[in-house]
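*Asks:* Note that the protein sequences, when read in sequence, are chains A and B. Going letter by letter, the first sequence gives residues 1 to 304 in our numbering. Going letter by letter, the second sequence gives residues 1 to 347 in our numbering.
One or more of the hints may lead you astray.
[Claimed, not checked] Selected chain B positions facing chain A (Cβ under 10 Å, derived; list incomplete):
#	residue
1	F152
2	F278
3	R288
4	L292
5	L296
6	L299
It should be emphasised that the hints constitute simulated quantities derived from the structure, not laboratory data. Remember, it's a predicted structure, so these values are computed and weren't measured experimentally. Built from N, CA and C at the ideal position, the CB exists for glycine as well.
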Amino acid sequence: MNALDALLFAAATLRITVPYALAAMGAALGERGGVVCLALEGIMLHGALAYVLGAWFLGDPWLGLLCAIAAGAATAALHALVTVTFRADAITSGIGINLLAAGLTRFVLVTVFHSSSNSPRVVGLPDLPLGPVAQVPGLGPLLATPLVPIVLVLVPATTWLLFRTPFGLRLRATGERPEASAALGLSVAGLRWSGVLLCGVLAGLAGAWLASEQHSFTDGMTGGRGYIAIAAMIVGKWHPAGAAAACLLFGATEAAQIALQGSGFPSALLQALPYAVTMLALAGFIGRATPPRALGTPYDPERG
Amino acid sequence: MNARLDAVWRQALPPLAAVALALVAGGVLIAALGESPLEVYGLLVSQAFGTGYGVGQTLFKATPLLFAGLSVALAFRAGLFNVGAEGQMYLGGFAAALVGAYAPLPPVLLLPAALLAAAAAGAAWGAVPGVLKARFGAHEVINTIMMNFIAFALVAWWGRTLFMPATVRTAEIAPAAVVPRLDVLVPWLRGSPANLALVLGLLLAWALGVWLFRTRAGYETRVLGLNPGAAEYAGVRTGLAQVQAFALAGAIAGLGSASFVLGYKHWFELDFTAGAGFMGIAVALIGRSHPLGVTLAALFFGALAYGGLVVNRHVPADLVNVLRALVILFAISAYALFERAARRRRA
Chain A
1 MNALDALLFA AATLRITVPY ALAAMGAALG ERGGVVCLAL EGIMLHGALA
51 YVLGAWFLGD PWLGLLCAIA AGAATAALHA LVTVTFRADA ITSGIGINLL
101 AAGLTRFVLV TVFHSSSNSP RVVGLPDLPL GPVAQVPGLG PLLATPLVPI
151 VLVLVPATTW LLFRTPFGLR LRATGERPEA SAALGLSVAG LRWSGVLLCG
201 VLAGLAGAWL ASEQHSFTDG MTGGRGYIAI AAMIVGKWHP AGAAAACLLF
251 GATEAAQIAL QGSGFPSALL QALPYAVTML ALAGFIGRAT PPRALGTPYD
301 PERG
Chain B
1 MNARLDAVWR QALPPLAAVA LALVAGGVLI AALGESPLEV YGLLVSQAFG
51 TGYGVGQTLF KATPLLFAGL SVALAFRAGL FNVGAEGQMY LGGFAAALVG
101 AYAPLPPVLL LPAALLAAAA AGAAWGAVPG VLKARFGAHE VINTIMMNFI
151 AFALVAWWGR TLFMPATVRT AEIAPAAVVP RLDVLVPWLR GSPANLALVL
201 GLLLAWALGV WLFRTRAGYE TRVLGLNPGA AEYAGVRTGL AQVQAFALAG
251 AIAGLGSASF VLGYKHWFEL DFTAGAGFMG IAVALIGRSH PLGVTLAALF
301 FGALAYGGLV VNRHVPADLV NVLRALVILF AISAYALFER AARRRRA
């Protein structure tokens, strides 16, 4: 492998990593607040469809991006309503929302575009004017794609938000000991809602990226990426930097899988690698992955 | 007796309310498309229950949902969440198809062997997250989801050498491995793919009820689900009980492949489960993890699945997928709210 191949491989890895990292940062924020974010897959799917609807009917990719953010936040709001306000089980809610998104997106696809498989072609997000940087083979065009610089900033920003701001401290406290947060006069429900809504915005962006890259919406286009993002966040031990590293690892295995296609290498093994790594991490073979203490437990002030 | 009826009613009211609310929401969606909700629902009911063929189709659609629902319900009873029924059923179907097509057995043993293979593959796949939970405390939800993806990847890999040329299916099973159709016994169902796997599922539902409520192991499993600390204190070997519950749940899900693989297509086909394993979660939720409730819920969702296809002329068939998801979301919300209200009343 020469330098150019390495550069192209790095670019391919980064490209695959973008949606994982966006969604995983979102999941870290939601889960640090104590709400399981299995709904990621459905939020991404809604984000992808909303981007295409916005870009198609409003004719502007940036408005499409806004639609994706709104759809992501709205889907996350449904998750927060069921789990935080009604205090129902977040795992089941997540699976319900993923089933809802799978059905609703195809329902809209058939109703609006009269096809059960794909939308017409829409514009993608325009490149940023990076000048000479954009000329670097492989990496240049990638850095000019708007969401890539956003992701590069997002990882340190999420870390800062969680570990260096009062909001982050309160959010984490709510995920660990909601009764202590409540005793300090903080709103457990308010903090959890904001964590889940932030998750919705970021996962909506992840969906928008997929649709923008592909210039269309296709049925089930997230293809389990939401679950991979959750897995990466777990392997990264609920820490944004760790989650980003795991996303890169999973992105690299996927890029390798594509590069090795047709070479006779058992690519199914590579395909299964992220899942196996996640199971090993959960079992404690890769350091101890300890979830926030109150993760998945609805907070009931009457019971404390 | 009155108190007992009261208890049944308290169990049944929230899921019925959730189903009713989902149907209303679906009605709004239908009306938004300019169709009449009553007409569409009427057509759905008349097609799914009005003719022998329709009833057969409903029963056929309900069969894998029944197995998946029982699998998830058994795990729920043990305090475990089995999101892996999809992968367990998928691998079970793969194993059954291979045994049915290639095992050099006398014909009389072929069908039992194929069923056993389906159960064993499902049990093995289910036992892994059970062991990881019991031994390392690893949460089973993510692990069962990961096991689903690994099952898909493995079958896709093996399939490259095992599938018939230019297809995504295995070789046809031997005639002796076929599960007979129900219309052989009940001519009224003529032409529908409903088969005896349904009877196996009903027997299994009955057996699960006996096991859960009439045996020591079942009792221990339920205590484990209700209060793991108390179970441990009472001397239940909780780790073993968790692995056992997961293996049994996997075996039931694996057997759920029999209807499609051994009773309908007579081969394994890529993606044949089509989400039936995930739907098992909805079935178990609505059925309140009780074998009788699960059976009724599977019938309801089966009718919805077949009915969705017949109303496709008026509204997209995906309407029923939206309905199913809404039932889940409404049901868990209703359970949480009803439970809170009940606690307030007691306080």
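*Asks:* Next step is simple, just say for each hint if it's right about the structure.
*Replies:* Hints and how they fare:
This hint holds: B/F152 has a C-beta 9 Å from the nearest C-beta of chain A, less than the 10 Å allowed. Taken as an interface hint, B/F278 checks out: its beta carbon lies about 7 Å from the nearest beta carbon of chain A, inside 10 Å. Residue-level restraint check for B/R288 is violated (minimum Cβ-Cβ distance to chain A is 13 Å; threshold 10 Å). Among the interface hints, the one on B/L292 is violated; its C-beta lies about 21 Å from the nearest C-beta in chain A, farther than the 10 Å criterion.
For the restraint placing B/L296 at the interface with chain A, the shortest Cβ-Cβ distance is roughly 20 Å, beyond the 10 Å limit, so the hint is violated. Look at B/L299: its Cβ only gets to about 19 Å from chain A, farther than 10 Å, so that hint breaks.
Checked against the numbered hints listed earlier, the structure breaks hints 3, 4, 5, 6; every other hint is satisfied.
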